[in-house]
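Number of protein chains: 2
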Amino acid sequence: MADMTAFEEWMQSIQATMEETLSNLLPPSSRVPERLHDAMRYATLDGGKRVRPMLVFASGALFNAPPSALARAGAAVEMIHAYSLVHDDLPCMDNDVLRRGKPTVHIQYDEATALLAGDALQSQAFAVLSRQDIAPERTIEMLQILGDAAGSPGMCGGQAIDLASVGHQLSLEQLEQMHGLKTGALLEASIFLGCLCGRFPSADEAHALKAYANAIGLAFQVVDDILDATADSETLGKTAGKDAADNKPTYVSILGLDKSRALAEKLRLDAHQSLDMFDEKASCLRQLADLIVQRDK
Amino acid sequence: MADMTAFEEWMQSIQATMEETLSNLLPPSSRVPERLHDAMRYATLDGGKRVRPMLVFASGALFNAPPSALARAGAAVEMIHAYSLVHDDLPCMDNDVLRRGKPTVHIQYDEATALLAGDALQSQAFAVLSRQDIAPERTIEMLQILGDAAGSPGMCGGQAIDLASVGHQLSLEQLEQMHGLKTGALLEASIFLGCLCGRFPSADEAHALKAYANAIGLAFQVVDDILDATADSETLGKTAGKDAADNKPTYVSILGLDKSRALAEKLRLDAHQSLDMFDEKASCLRQLADLIVQRDK
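Residue numbers (our numbering), protein chains in the order written: chain D, 1 to 297; chain F, 1 to 297.
Bear in mind the hints are in silico, worked out from the structure with no lab data behind them. There's no promise every hint is true.
What the hints assert, rightly or not - With beta-carbon atoms standing in for the labels, derived distance ranges:
id : chain 1 : residue 1 : chain 2 : residue 2 : range
1  : D       : L45       : F       : Q174      : 44 to 52 Å
2  : F       : A135      : D       : P103      : 31 to 39 Å
3  : F       : E19       : D       : V166      : 56 to 64 Å
4  : D       : A262      : F       : S29       : 49 to 57 Å
5  : D       : P103      : F       : Q174      : 28 to 36 Å
6  : D       : L45       : F       : G167      : 28 to 36 Å
7  : F       : S68       : D       : T230      : 49 to 57 Å
8  : F       : R131      : D       : H207      : 30 to 38 Å
Unchecked claim - Listed below are several chain D residues computed to face chain F (Cβ distance under 7 Å; list not exhaustive):
id : residue
9  : S23
10 : P27
11 : P33
12 : H87
13 : Y109
14 : E111
15 : A112
16 : S123
17 : F126
18 : A127
19 : E137
20 : T139
21 : Q159
22 : A160
23 : L163
24 : V166
Built from N, CA and C at the ideal position, the CB exists for glycine as well.
Chain D extracted, bound-state conformation:
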C-alpha cells in the first residue's frame, strides 16, 4: 500500500463506497423473488472498474457536491451500466459467456432471469435516483439526463446502430456517432449527474464538461478496440478478439493500430485542454482521462 498514489487511494475509496452503496440499495437476495434479486446483485456487485461512478465523484468534486448524493447518483448510473451488460451478453445480442472474469448472468442463472434482472435494474436505477436528498429541481434534471442517456437518444440507440452495422463498412464519422450514443452518452450523463449533485453548472462550465465528456467517451472506445485487438481474454476478463470475429467495425479495423493509439493520445490531451478553466479541483477528472487512455484492461 505504501507506493499508492493519492489518485489510486481515491479510486479505491470510490470503489469501496460504491460496493457498499450498491449493496445497500439493491434488494437483498433473501427477499422474494430470491432468484431475481440474487441475479441483480450478481450482475452489479463485486466487479467492474466503476469508471462511471468515478466520473460522478470527480465531477462532483468540482462543484462541492455532498458525498451521499454522489454515491446515490453513482449507484443509479452503475445500475444502468450493469443492466446494459446483462442484456448485451444475451444470446440474441452478443451471446457472450464471460464478463468480468465470471459467467454472464444468463449462463449463471438462465435467459429469462437475465432478461428480468436487467429490466429490474433499469427500474431500480430510476427509483434510486428519484430519492436523492437534494433540491427537487436538480433531482428532476438528473432524471431527465439519465432517461435520455439510457434510452434511444443514447445507449439503446447506439446499441441498435451497432447491431445494424455488423458486416457493414462504417465511416469514421458513423463509428463516432455510434459510440457517442452507445458509450459516450452514459459517461457524459455521469459527469453531469456529479455536477448537479452540487449545483446547476453555468453555460461555460456545461460547455467545458461536455467537451471533456466527448473526448473521454471517444477515447474510452478507441482504447477498448485497441485492447480487444491486442490483449488476451484472461487480462480483459471478457472474450478478446470478439469484434474482429463478429466482423464488427472498430477503430483498429478502420485506422489500424498505430493511428488508433495516436488518436487515443490526442483525445487524452483534448480532455485535459477542455478542463483549462477549472483549478486543481478538476485533478481527478484529469487523472481519469489519463487512466481511460492508459489502462491495460
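For this one, chain D is given, so just place chain F on it according to the hints.
Only chain F this time, still in chain D's reference frame:
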C-alpha cells in the same frame, strides 16, 4: 354513435388522446436508428385498451388534475406496459407470436430489436414522466412510484415469481401475491399518478385509492384467467388457452370457473365500496371497475 353512453364517449376520447400523445412523445420512425424507433412505435401505438391511462384520467378527475399532465403520466405508464409485453413475448419468456391481433415485436422485427425496443421504452417512460410541467415535488413522487411499480418490488418481481411458479401448485394467497406485483402494482401506480397530477392525496384518500386499486388489480387478473379459459384467440387478439397449456396456475385452475366468476363480481363490489367517500367525480373509476370485470377480451 347515437347509442354510445357518456362513459363510452369518455373512453374513446382517452384512447384518441393517448394515441396522439404517445405518437408525439415517441421518436419518429424516420429518426436514426430507424428500425429501433419503428419497433418502439409498433409496440405502443394503434393497439391496446389503454386501461392504465384510463385509470390515470379517472383518478385525475377526482383531483381536478390538468389534462396535459394526465396525458403525459398516462403515456409513461403505457410505455412501461408496452415494454413489458414486448419482453414477455420473447422466446425465453412466454414465446408468443400474437399480441393485440398482430405479430409480436420479435416476430415482426427480430429478437435483438425487440429486446432493445423494450429497454428503450422503459427509459423513455421515465424521461417522459420527468418532464411533467407540475410541482417538482409531485413529479418526483410520481417517478418514485413508477420506478417501484415497474421494478423488482412490482412488475418485474411478479414476473419472476410467475416464472418460478410454472408447473408448481400455488396457494390462492401466493397467486394473489404474484398478480398483485405482476399486474396490480402498475394499475395502482396509474391511479396514484393520476391523483398526483392534481395534488397530494390525504391519508384517507390514499387509503381509499389503495383499496380500489387492490380490488380492480385482482379482478383484472381473475377475469384474464376466465377469458383465457373460455374465449378464443381471435376474440382475445392473443393466444388463448396458453396458461393451461403452459401448466401455469390460474384462478380458474385453483377455484374453477363458477367460483372465479363469483370472485370477480365480489371484487367489483369491493371496488365500488372503496370509493364511498368520493362523490360523482369518481364515476369514471366506478365504471372502470365494471368494465374490467364485465369485458369480453
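Hint check:
no.	hint	in the structure
1	D:L45 <-> F:Q174: 44 to 52 Å	violated (29 Å)
2	F:A135 <-> D:P103: 31 to 39 Å	violated (47 Å)
3	F:E19 <-> D:V166: 56 to 64 Å	violated (35 Å)
4	D:A262 <-> F:S29: 49 to 57 Å	violated (39 Å)
5	D:P103 <-> F:Q174: 28 to 36 Å	holds (30 Å)
6	D:L45 <-> F:G167: 28 to 36 Å	holds (31 Å)
7	F:S68 <-> D:T230: 49 to 57 Å	holds (54 Å)
8	F:R131 <-> D:H207: 30 to 38 Å	violated (23 Å)
9	S23	violated (15 Å)
10	P27	holds (6 Å)
11	P33	holds (4 Å)
12	H87	holds (6 Å)
13	Y109	violated (11 Å)
14	E111	holds (4 Å)
15	A112	holds (5 Å)
16	S123	holds (3 Å)
17	F126	holds (4 Å)
18	A127	holds (3 Å)
19	E137	holds (5 Å)
20	T139	holds (6 Å)
21	Q159	holds (6 Å)
22	A160	holds (4 Å)
23	L163	holds (5 Å)
24	V166	violated (10 Å)
In summary, the numbered hints that this structure violates are 1, 2, 3, 4, 8, 9, 13 and 24.
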